[in-house]
Amino acid sequence: MFTIIMTHTHGKARIAFFLAPAIMLGEVLCDLQQPTQMAQIIDHGLAQGDGHYVLMHASLMLGFALLGLMCGATCGTLGSYASLKMGEALRSEMLTIALTSRDPAGLAPATLITRITNDVTQMQNLVMMVTRGLVRSPLLLIGGIVMSTIVCPDLAPILFVIMPLLVVYLLVIVRRSLPLYTAMQQAVDRVNRSMRENLQGAKTIKSYVLEDHQLTSFNADNTHLQMTSQKAALATVTLAPVIQLLLNLGVVIALGYGGSLAIAKTISSGQIIAFVNYMIQITTAMIQTVNIITAFSRAITSAARVQAVLAENPPAVSATGMPPVDAAIDFHQVSFGYDAAEPILANINLHIDAGTTCGIVGPTGSGKSSLINLLTRSFDQYTGTITIGGVDIQQLSLPMVHQQLSVALQDSVLFSGTIASNLRFGDPQASAAQLSAAAHTAVADEFIEPLPKRFDAPVAQRGKNFSGGQRQRLNLARAFVPDHAIVILDDATSAVDQTTNAQIKSRLAQARHGQTTIIISQRVTNVIACDQIIVLDAGKITAQGTHEELLTRSPFYQQLVATQLGGGRYAAE
Amino acid sequence: MQLNNRPHRNIHREKITVGNWRPTVKRLWHYLADSQKRLFIVFLLTIVTTVVTIVGTRINGIVIDRYIAHARLQTLLAVCAAMAGVYVIASVFVYFQNSIIIKVAQTTSTQIRHDVFANLQHLPMTYFDTHDNGDVMSRLTNDVDNINTALMQTFVQLFTGIISIVGMGAAMLWLSPVLFAITLLATGATYLFSRGVARVTHQAFATQQSALGSLNTQIEESVSGKLVVQLFDHIDATMTHFDQTNHDYTQAAFRAQALSSIIGPFNNMTNNVAYVLITAVGAVSILGHWGNITVGVIFTFLIYLRNFTGPINNLLDLINTLQLSLVSAQRVFALIDEPQEQDAANARALTHTAGNVQFDHVSFAYHTRPILTDINLTAHSGDVIALVGPTGAGKTTIMNLLTNLYPLQAGRVLLDGIDVTTIKRADLRKLITVVQQESYLFTMSIRDNIRLGRPTADDAAIIAAAKAANAHTFITQLPDGYDTILSENAHSLSQGQRQLLSIARAFITQAPILVLDEATAAIDSNTERLVQSAMAKLMQDKTSFVIAHRLSTIQAADQILVIDNGQVIESGTHQSLLAQNGFYARLYNSQFETRS
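Protein chains in written order, with this note's numbering: chain U, 1 to 573; chain W, 1 to 596.
Source of the hints: derived by calculation from the structure; they are not laboratory data. What you are looking at is a predicted structure, and each value in this text was computed from that prediction instead of being measured. Just to be clear, a hint being listed does not mean it is correct.
Unchecked claim - Using 27 angstroms as the maximum straight-line C-alpha spacing, the simulated DSSO-like pairs for lysine-lysine come out as follows:
#1 W:467 to U:203
#2 W:430 to U:464
#3 W:26 to U:203
#4 U:203 to W:430
#5 W:37 to U:203
As the list claims (entries may be wrong) - Where chain U lies over chain W, by a calculated footprint (3+ residues, C-beta under 8 angstroms):
#6 113 to 122
#7 294 to 305
#8 325 to 337
#9 351 to 360
Stated by the list, open to error - A few chain U positions that, by computed beta-carbon distances, are all more than 12 angstroms from chain W:
#10 153
#11 213
#12 432
Even glycine gets a Cβ: it sits at the ideal position worked out from N, Cα and C.
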């Protein structure tokens, strides 16, 4: 945890992080002066009837009080500065990692989001605590013990019995409660996931009248959270009363034993009073230390969860190759799968000439999208070689690969902002003319133009303010904006209607004339015109050729055409 | 319910009302109403433990003045033994007191989460259309947490605080009015200071919370859309934008926290000053023989001071948490108060329908933007009605009106002659099965996801539905079969497989009316053929509305409505529409364009 703090505080924040506790030391020392000065006033000033002595020591105490305030305030400000700066740095780094990670088996988005938000906040609170409380309370505790031993050595053995008892008890409690807090955090995750899903699936829930059903299942998660949180909190509940009791007993013993010593004239009343005052300071410090340790143990859980994200830091991608000069694509003996027994892609050999179009068809789950994921280097765990323009893509940096390719996925993920900010995703410098042209090719211009702010029209989170078909066309337009050698459409017109689809098809043919284009589609009409069509089935290429060739060669393709085009005009031609 | 009266999009620029806390506090108190008995016990325990502290402290002083000063060893030891016994009992009380509070706080926050969730389930679609998930999530999680923390910490400390203040105040006044006045002054100073700081920081805390909301929205959005961010090499740009928001949040938080972090040290200082004054004034009084102050009284006062300002200090330290939690409570209550979609007062129950649907001059507008104009449609029991037309023409919206998801602007939608707005929503929706364009699958087993269509369905029915939807084969090929848990993780199911599952879910509902919204769009043709035949079976005894791209589906329809620009521009059968040689004919022919 300390490592996390150290690597995420720099410059002023780092200085603040170390300076704050140091300054806090000042406040503690000032606080510790009070009972000793008080004992002197009682034992010397009062006993000798010296009014001047009383006033002098009183002014000294006042001075210490003011100095303490200055130290405390400075420490607080520095502490919040350090903790917030660390939180800022952590969030930024974790989000970068989350965005660059390409591990398909990595953390799920939901838990990533919780970790970047809640857990970082916990860490932030922790650092705030470390800089103030974690230094102040133990110092006050130790200082209290030292000062009381100096003021009244005869009573010190009381502390030496009580303190070890307390420390052992504390350790036991903390060890027992740690796993309970981990369980609680898991319960929190479950409740959060349930909430998020119900927000995202609101329409499905309404359509199936599942409101009460979902509420029941939420209640189960919610109750589970209640139980685990209670268990965690109850595991530490004995702490405060036990500490209070031990120190109260200490005070009673100090009075009884100290009293008998005072009667025997071994020590003075002032000493007893000072000792008891220190004892109370120690009690307070002890309880605060415990509260901090409890909060600390919670934050440790968070720190571990944050650490897990930081540990995902993806290895830098080697880039020894020069950017490819042309846009020919080759797959050579490529296989891919999570389970060797059930490969997702097996032994794929494929050549796409630069400047040609390639259509890919095949049943659901046949591996079409995986093929693209390998080409875009979303996954690297394959065997065989994939080249662009003759260069192995493993030799290219990710930006180099992505500057060759422009992809429109079936899932139209849009971001809050404006239409323009979404379209400029692949090319922040794109001109207004480029945006218009891309929107035109994607047939998105027809709904963008009538909008009052046109390209500056707002896009809500996930593009919720546009219909499914509109989102998909924006998604498509986004892929057309950058001037990349290869365009890949992964079933990217599945939600648009026939007319629009036909329009997109013809505008695309115009706009991408003579450029490498890969079209994955469920619709046979979208690939009919391609120079080459690949039929994928169960991860293997079962047929390859032009539309006419496949009509005679591939039973699957024949069936596809028959279902979609029926006995329509095409067959008659 | 007037659509245009609804608040406009207010994404994370929520205005947080400053000032009137009273209704919020009252409502929080209302949440504790169920725990009154337990809180009463806590109250009693607190009185006992506090009185023990007050009396015990005074006895300490008496011990010094009488037994030690006058060397009465026997009495001294007896009194100490008695005190030890009382402290043991008091500690047991404190234990119970804290345990109860933990349970009360957990019960309360669980209840609040439940209330928020329960209300959320019944909000109109317009709410979900216009609010960011990140902001709503932040209310459900962070804000409820803040309330919980405040409840856990505040209660014991509030009780202890009040009783200590009253009890010790009385004891101190009786012992020495002068020293009490010093204590009061110190307390007053801390109080005024904290209030001043609170007033200054309140707005800063509100800004901090709303900045946090937009920070969370950005995190959620970019993490969920990670693949696109990667493919477009947009990581740097995303991070630049995020870092700005992140920085803004940090600034707002620093303004709020730095100021309020002075409260603690200031209190500590006033405490120390009071400590000095009591010692000094007490000592001078003893020397001058003013009043009846003794060393024991000073001793008692010094301990009282710690225990007197201690609770007050705690209360004031809590201002941070309390303020945050009140802002949070307001945000949470605002969500609980969001008006639900309400059935009409005299809404009728309806468990059966013949399946006759009629749209009678229906118009619909969204935020004053007209979406549908004068839609007329008649579907007889058992009809298959196809809706075709360009994207955004309003096909989905028409179907949304059938299930009463949005309020009409004009006209009526009739089911067996009954206005659907007069039918209980739950009843209406149970009679209509909707297969959405992107039906949502939840993190639970495949079996349970299908079962959502009819929660009472048994396993046999689920398998039958999966078979009908042609999903059985791929499900049984999964290692865990029907028990496979669908997760948000990347490599669980393909888009097409997910769609098959949502079709299976539709199969199981057995409702007399079916709405298919482009449901077959993402399924490969092979599967689609099987699904289509199954659909035909499913549609047999039902009134079906199909929004489809596939001509084979449309050709079989009893009636085809061509929708464009929110209007029905053509209607008839496939043959009659082709004969018209209008929009539909053009649409049909465009399907077969090949190389141009």
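Given the hint that residue 26 (chain W) pairs with residue 203 (chain U), test it: the Cα-Cα distance must not exceed 27 angstroms.
Violated. Residue 26 (chain W) to residue 203 (chain U) sits at ~34 angstroms, over the 27 angstroms cutoff.
Starting from residue 467 (chain W), check that the Cα of residue 203 (chain U) is at most 27 angstroms away, please.
Holds - the C-alpha atoms of residue 203 (chain U) and residue 467 (chain W) are around 25 angstroms apart, at most 27 angstroms.
At least three residues with a C-beta closer than 8 angstroms to a C-beta of chain U: is that true for the stretch 325 to 337 of chain W?
The restraint on the stretch 325 to 337 of chain W is violated, since only 0 of its residues have a Cβ under 8 angstroms from chain U and three are required.
Distal placement of residue 213 (chain U) relative to chain W, Cβ over 12 angstroms
Incorrect as stated: the minimum Cβ-Cβ distance to chain W is 5 angstroms, not above 12 angstroms.
For residue 430 (chain W) and residue 464 (chain U), compute the direct alpha-carbon distance and say whether it is at most 27 angstroms.
Between residue 430 (chain W) and residue 464 (chain U) the Cα gap is close to 26 angstroms, so the pair holds against 27 angstroms.
Does residue 153 (chain U) really sit off the interface, with its C-beta more than 12 angstroms from all C-beta atoms of chain W?
Fine: 19 angstroms to the nearest Cβ keeps residue 153 (chain U) off the interface.
Take the stretch 294 to 305 of chain W, compare each residue's beta carbon with every beta carbon of chain U, and decide whether three or more fall closer than 8 angstroms.
holds (count 5)
Counting residues of the stretch 351 to 360 of chain W that have a beta-carbon nearer than 8 angstroms to any beta-carbon of chain U, does the count reach 3?
violated (count 0)
Given that the stretch 113 to 122 of chain W was listed as covered by chain U, double-check it with a C-beta distance under 8 angstroms for 3 or more residues.
holds (count 7)
Given the hint that residue 203 (chain U) pairs with residue 430 (chain W), test it: the Cα-Cα distance must not exceed 27 angstroms.
14 angstroms, holds
Distal placement of residue 432 (chain U) relative to chain W, Cβ over 12 angstroms:
Residue 432 (chain U) is indeed farther than 12 angstroms from all Cβ atoms of chain W, at 18 angstroms.
Hinted pair residue 37 (chain W) and residue 203 (chain U), Cα distance within 27 angstroms:
The given pair, whose Cα atoms are some 41 angstroms apart, is violated under the 27 angstroms limit.
Hints 3, 5, 8, 9 and 11, counting from the list given before, are not met by this structure.
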